[in-house]
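Novice: If you read the protein sequences in the order shown, they are chains A and B.
Numbered as in this note's numbering, the first sequence ends at 114 without a single skipped number.
Numbered as in this note's numbering, the second sequence ends at 227 without a single skipped number.
Hints may contain errors.
Stated by the list, open to error - Taking lysine to aspartate or glutamate and the DMTMM-like style, the derived pairs with C-alpha atoms no more than 25 Å apart in a straight line are:
#1 K49/A to E193/B
#2 K58/A to E212/B
#3 K58/A to D85/A
#4 K49/A to E20/A
#5 K69/A to D176/B
#6 K184/B to D170/B
#7 K125/B to D8/A
#8 K49/A to D8/A
#9 K69/A to E15/A
#10 K184/B to D152/B
#11 K78/A to E64/A
#12 K125/B to E212/B
Because the hints were derived from the structure by calculation, they are not lab data.
For clarity, every value in this text was computed on a predicted model and none was experimentally measured.
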Amino acid sequence: AQSVTQLDSQVPVFEEAPVELRCNYSSSVSVYLFWYVQYPNQGLQLLLKYLSGSTLVKGINGFEAEFNKSQTSFHLRKPSVHISDTAEYFCAVSSSGGSYIPTFGRGTSLIVHP
Amino acid sequence: DAGITQSPRYKITETGRQVTLMCHQTWSHSYMFWYRQDLGHGLRLIYYSAAADITDKGEVPDGYVVSRSKTENFPLTLESATRSQTSVYFCASKSWQENSPLHFGNGTRLTVT
Chain A
1 AQSVTQLDSQ VPVFEEAPVE LRCNYSSSVS VYLFWYVQYP NQGLQLLLKY LSGSTLVKGI
61 NGFEAEFNKS QTSFHLRKPS VHISDTAEYF CAVSSSGGSY IPTFGRGTSL IVHP
Chain B
115 DAGITQSPRY KITETGRQVT LMCHQTWSHS YMFWYRQDLG HGLRLIYYSA AADITDKGEV
175 PDGYVVSRSK TENFPLTLES ATRSQTSVYF CASKSWQENS PLHFGNGTRL TVT
């Protein structure tokens, strides 16, 4: 079985400050990891993904995430946030060779203040 | 344009009525999913489908019915709507490759009065 924990339900931050959204997963096999972003009144869209290879992956809008196998984490970071980054962020995991159904975390609401 | 389209975007219905939410994708993706999103619960999987005529229950299937006669369509029916089914519903699709991401529609906001 696989699971995802997003440790913070809400993260407030000031504009131009750095941010980290935390995600921990559990799985007994190799994993694929994803971050999705949901802007108000919209569906989720893919921000970035880790499939294999380099543990540092870059996504859209200046976001990046680092896969840490020993700590079973996939934290999302941005060095300087904008007001427009205010959104809900979801971490998701799929397991290699297993079910094709991804497991989602409960989401982290990023609130960027001017 | 390729994509995944949900209709309607907003729907208000009364308790006990049947309502169908539509989902159409143009990628010919094998897999399709229905989720509901509620405050405090995140995304919960209702039903999913691996191919036409193959569907299976997710985490919260009670009160819902799905069908998939064509690859591109995956309608979700609430046979007798209840207030607890007031939610935002998202349809998603993905290709057959196990590491492919989900592609989501823009959602249907359903209110049951």
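Novice: Against which earlier hints does the structure fall short, listed by number upward?
Specialist: Of the numbered hints given earlier, those the structure breaks are 1, 5, 7, 9, 10 and 12, listed in rising order.
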